[in-house]
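Colleague: Turn these sequences into a full structure, and let the hints guide you.
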Amino acid sequence: MAVRDVQWDKLRRLLAVILPANEFYARRLPKKWRPRSLADFAARCPLLTKHDLVADREGCPPYGTNLSWPLERYTRFCQTSGTTGRPLPWLDTSEDWAAMLGCWRRVYEAAGVVPGRDRVFFAFTFGPFLGFWTAFEAALGMGLMAMPGGGLSSTARLQAMAENRATVLCCTPTYAVRLGEARVAHQIETSIRMVIVAGEPGGSIAATRQRLASLWPGAVIFDHHGLTEAGPVTHEEPGLPGFLRIIEESYFAEIIDVETGREVPNGGQGELVLTTLDRLGCPLLRYRTGDFVIKARAADGGLLLAGGILSRTDDMVVVRGVNIYPSAIEGVLRLFPEVAEYQVREEWLNGMLELRLVVEFHHEADASLAPMLEKSLTDALALRIPVEVFPPGSLPRFEFKARRWVKAPLTD
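The numbering used here puts the sequence shown at residues 1 to 412.
No lab work stands behind these hints, which were simulated from the structure alone. Treat each hint with caution, since some may be false.
[As the list claims (entries may be wrong)] List of simulated lysine-lysine pairs, PhoX-like, C-alpha gap at most 25 Å:
#1 Lys401 to Lys50
#2 Lys31 to Lys10
#3 Lys10 to Lys32
#4 Lys31 to Lys50
[To be verified] With beta-carbon atoms standing in for the labels, derived distance ranges:
#5 Ala21 to Pro128: 24 to 32 Å
#6 Leu240 to Ala162: 26 to 34 Å
#7 Val17 to Leu152: 40 to 48 Å
#8 Arg27 to Pro87: 21 to 29 Å
Just so it is clear, the structure is predicted and the values come from calculations on it, not from any experiment. The beta carbon of each residue, even a glycine, is placed where N, CA and C say it ideally should be.
Modeller: Here it is in structure tokens:
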């Protein structure tokens, strides 16, 4: 069955379940309206924002009204990471959870992870974030050996990987770099043949991929992205590094112009909008993810995101008329392996937004590279960003999503 036919069948099933049982959507959707096609759905169903979800939770705490079943039917609790605000609780039924595990299985299969051969190490501390649990439980369901790495130092994690011959590492790009640097520093040999990264755009940034490849010699770098509100959404297109494929059997995806709300053409840039087709208990209909992407197509017609997730739509800043995305700055910094950590600081001076880059090098002698780094940023961005060097060990370190952009006044 064609993907569009699968999506249409699942959308009709979804609407039959949630209307009128789901109070949230009973209020949002036109009375007695049923779409005649996917195009009709996209034209008449209102867009959903994070603000809408927050307001619903605040109006009916703690879970809001976006529930299609009685509360007793829900078996899983997770919450968003809180990157763009206060964490939101999210509930799932056993059936919805199983559907998301199926999406993670697609990620593993696309990556070429093989039961009986591969052992997957999860280098993060387990908490209420959905991505940890779905990745781990999907690995178990496939018959993979799944190794939790919570509560361990970076060195202890590397030793555990080495001693137990783990072949696949799952973590954020930032932490994969940190672990790789620790592996080199402590001369720990591992059997890692693949690094699956998610949680940040870095997995599809060429310079970050190159940095990871140098730290994990012989390992394949494989990108994936998802969000707690939706689940596992994409996986890297095999053979096309830097391109993410939407799992279209589970998500009806649109890429819209943020100004007009219209679908962009192939090659166009816009915001990713998702409808969850298999998550009936707490569904999203035309949810504005805030992820800024470029629309592309695979050879078989599948929907791809060229360059992965470029940034959050609310992360872009305009400095002296130049659009600056976090991924662009990271792309320059990862070309300098001497950089251990960095932070971008925003300040308004004389009514204008200014950026300053604070960097920490691995060794004090590396500070001599600061002028070269500043020049590389100017060449790449057509904008001068002053670079200030901080002593080694002075900037925050991250195991989960890195938060490197801060609104802080300059200090003399």
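Colleague: Determine for every hint whether it applies to the structure shown.
Modeller: Here is how each hint holds up against the structure:
| no. | hint | in the structure |
| --- | --- | --- |
| 1 | Lys401 to Lys50 | 19 Å, holds |
| 2 | Lys31 to Lys10 | 21 Å, holds |
| 3 | Lys10 to Lys32 | 19 Å, holds |
| 4 | Lys31 to Lys50 | 23 Å, holds |
| 5 | Ala21 to Pro128: 24 to 32 Å | 26 Å, holds |
| 6 | Leu240 to Ala162: 26 to 34 Å | 31 Å, holds |
| 7 | Val17 to Leu152: 40 to 48 Å | 42 Å, holds |
| 8 | Arg27 to Pro87: 21 to 29 Å | 24 Å, holds |
Figure legend: structure checked against the earlier numbered hints; every hint is met.
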